[in-house]
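Asker: In case you want the letters, here they are:
Number of protein chains: 2
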Amino acid sequence: MSEVKEKGKLAKSASYELIGKTTAEKNEALAAIAEQLLLDQEEILAENKKDLLSGKEKGFSDSVLDRIMLNEKRIADMSGAIGQLIQLNDPIGEIIETIHKENGLLIESKRVPLGVIGMIYEARPNVTIDAATLALKTGNAVILRGSSSAYHSNKVLVSSIHRALEKTTIVKDAVQLLDDTSRETAKELFHLNEYLDVLIPRGGKNLIDTVVRESTVPVLETGAGNCHIYIDESAQPEMAVRIAINGKTQRPSVCNAIESILIHEEWLKENGVQLLESLHAKGVKIIGDETICKLLPDIQLADEDDWYTEYLALTLSVKVVGNVKEAIDHINQYGTKHSEAIITENKQNAEAFLTYVDAAAVYHNASTRFTDGFEFGFGAEIGISTQKLHARGPMGLKALTSSKYTIHGEGQIRG
Amino acid sequence: MSEVKEKGKLAKSASYELIGKTTAEKNEALAAIAEQLLLDQEEILAENKKDLLSGKEKGFSDSVLDRIMLNEKRIADMSGAIGQLIQLNDPIGEIIETIHKENGLLIESKRVPLGVIGMIYEARPNVTIDAATLALKTGNAVILRGSSSAYHSNKVLVSSIHRALEKTTIVKDAVQLLDDTSRETAKELFHLNEYLDVLIPRGGKNLIDTVVRESTVPVLETGAGNCHIYIDESAQPEMAVRIAINGKTQRPSVCNAIESILIHEEWLKENGVQLLESLHAKGVKIIGDETICKLLPDIQLADEDDWYTEYLALTLSVKVVGNVKEAIDHINQYGTKHSEAIITENKQNAEAFLTYVDAAAVYHNASTRFTDGFEFGFGAEIGISTQKLHARGPMGLKALTSSKYTIHGEGQIRG
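Keeping their order, the protein sequence lines are chains W and R. Per the numbering used here, the very first residue in the first sequence carries number 1; after that it's consecutive. Per the numbering used here, the very first residue in the second sequence carries number 1; after that it's consecutive.
Chain W with its partners taken away, still in its complex shape (with noise of 0.2 Å):
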């Protein structure tokens, strides 16, 4: 039996295990997981140490191994956000509806986990810690499947879970990391029907797409944002301005960063070259339309691609529109359906906007950096779901959590 069937059974087998286990049982194993990382502190580091320099033998660059790093402060972070995740609210085992019938029956639908879940990733190795709490916390058994890059650093944390799991009621096999790193298990993942109840893909757009395309196992997918600012033409100048900075500017590497703003045409008259400017001033190059090319000097002309184009970086693509309606269908074919927010002080038009923009999250006068599971209040994300089964925008506990209906009878059978 190959490593991932094998692992698979495992996780399996303890996922069924786990079904019971009470939420004082899985807060004891994840407050001895974080215990356990603090313990493990010295060969964490040391272990960590050895794909750093690997990494710098192969040549990755600084970005890179930056995030395969760990200090003590990293491993301090990763432990106190268990202790966070701790506090959260179980949602295993909440009755979701209850429906009386005439004939007698009681039918409830509960909340329950959804059994395994596959995580694939790179770099990181904090994914590691998050994905296995994450997935304790909601009782499913969970298997890792990481990037060679951080090979050793992956493999003394989930010893640090097993050696934490040993001290508690959790069975150990709940959290399975495969040694294997190559393309053939991931590979096999993707076809593990009989043992994964999802996937999950964490990571860049290439990883993402494969795992979409081949994957006959259900995907929880988390996409790219393309996000756009309109500017109404009635919107606040300053408003918008202020805005259009934060979302561009104060982290331009995330996917709820904008990559694209749009502008009424009568907005621009009054404002364009102040806005332009500010946006020149704190460092974004600007890609325009032939309207944006003539107001300032050195705009690049944009082409087709840049209205598909996520930057993720100091770079904004600008464009001119004659009315809401414009707005909104631009968006609807170049944006990624992820955060899109409508500047205005017109009501009729930011409804419509909020209505007939196809997005996880629509805003009106607030920055698209919002979307995310914590400035939501969930306490905990998973990642940022833009497809529109199962979840949609940032996904808490309650993504990684299935449903299932119990039915009371006595002996009813139907007619």
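Don't read these hints as lab results, they were simulated from the structure. Just so it is clear, the structure is predicted and the values come from calculations on it, not from any experiment. None of the hints are false.
A pair holds if it fits inside one copy or across any two, identical chains being indistinguishable in the list.
With a Cα cut of at most 27 Å, we get these calculated DSSO-like pairs of lysine-lysine:
(1) 398 x 110
(2) 347 x 269
(3) 101 x 347
(4) 325 x 172
Given the structure of chain W, go ahead and fit chain R onto it with the hints provided.
Answerer: Just chain R, lined up with the frame of chain W:
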């Protein structure tokens, strides 16, 4: 542009219009379709006759021809079912969750349409009407890809729908039927991620398996039902026999019928022969393990494959187990996560069964035949989901919806 792409584009465009339609507008469209089907009855029957004749020439079995066949009563039933659909609550627009943030942001999660639903189905032309009207009720556009064996029937039914919609505010492009029913169009639908938000296969196991395996568009899977009854030591004999007979014989060809009975060894000693004789008397063929085979003549010995088999006929596998744990393990290994029942007077065993059996619907002292959208009181049924994401068990109108966060601010930016 291919037919699939062209119709996909039209449906997508229609789906954006549908988002803004009121419940009254959607119900008027449904009423118009219900009326039009009756007005067009002669034409529908004439076109249906072409499919029946061509089916006879091709040597289709009587049961397949019966599935294709329409008559006055069936058309009246389709029209009547639309009348019932009109009465159901419109789930669209429902506020699922409201979050007030300290920074003044008002975050609402609202129920919205999925967008465009692709439906791939087999012979029955009534699915054409069913799928189109369920989609319209929930504000979705739909692309229908029926079978060549019902080509003329599907075509005339969609013409009726279009004639009806032309009298209403709902654009007729919302309902698209593919003329080309070749394998190639199905394959194109599997990868039409640009225009399709979900793909729903309705039909046999082969069709569903193919769609799940090949589609990159998210799939709503309606799966097979290898359903069990476990008769525990303390089960009331009369109740157990009644539920077993109902589960197997009331309608053997459906997914919530039972395929297997597990019997506690102690219950078997007192009541086994009576149960088996009662089943025999109803024409049920028994396939049993070694213990069962010794109880009555003419019982075939089960092999490993039998425990996996969904007979969908008056055939039943029967196995003896030592306790509820063995029953649960057997079901989790061989079942299809559909509907499972325990018959017992022991509350602890009932609780263990309901908790640890991994299925969409788990019953205590009732027949598995109740797993049905109408029996559960949903008033409509898209199918019965055996997957764990998005929807599990009988799917009513809500399964055809997604959610969307709308956020109202006064200029908030992220710090």
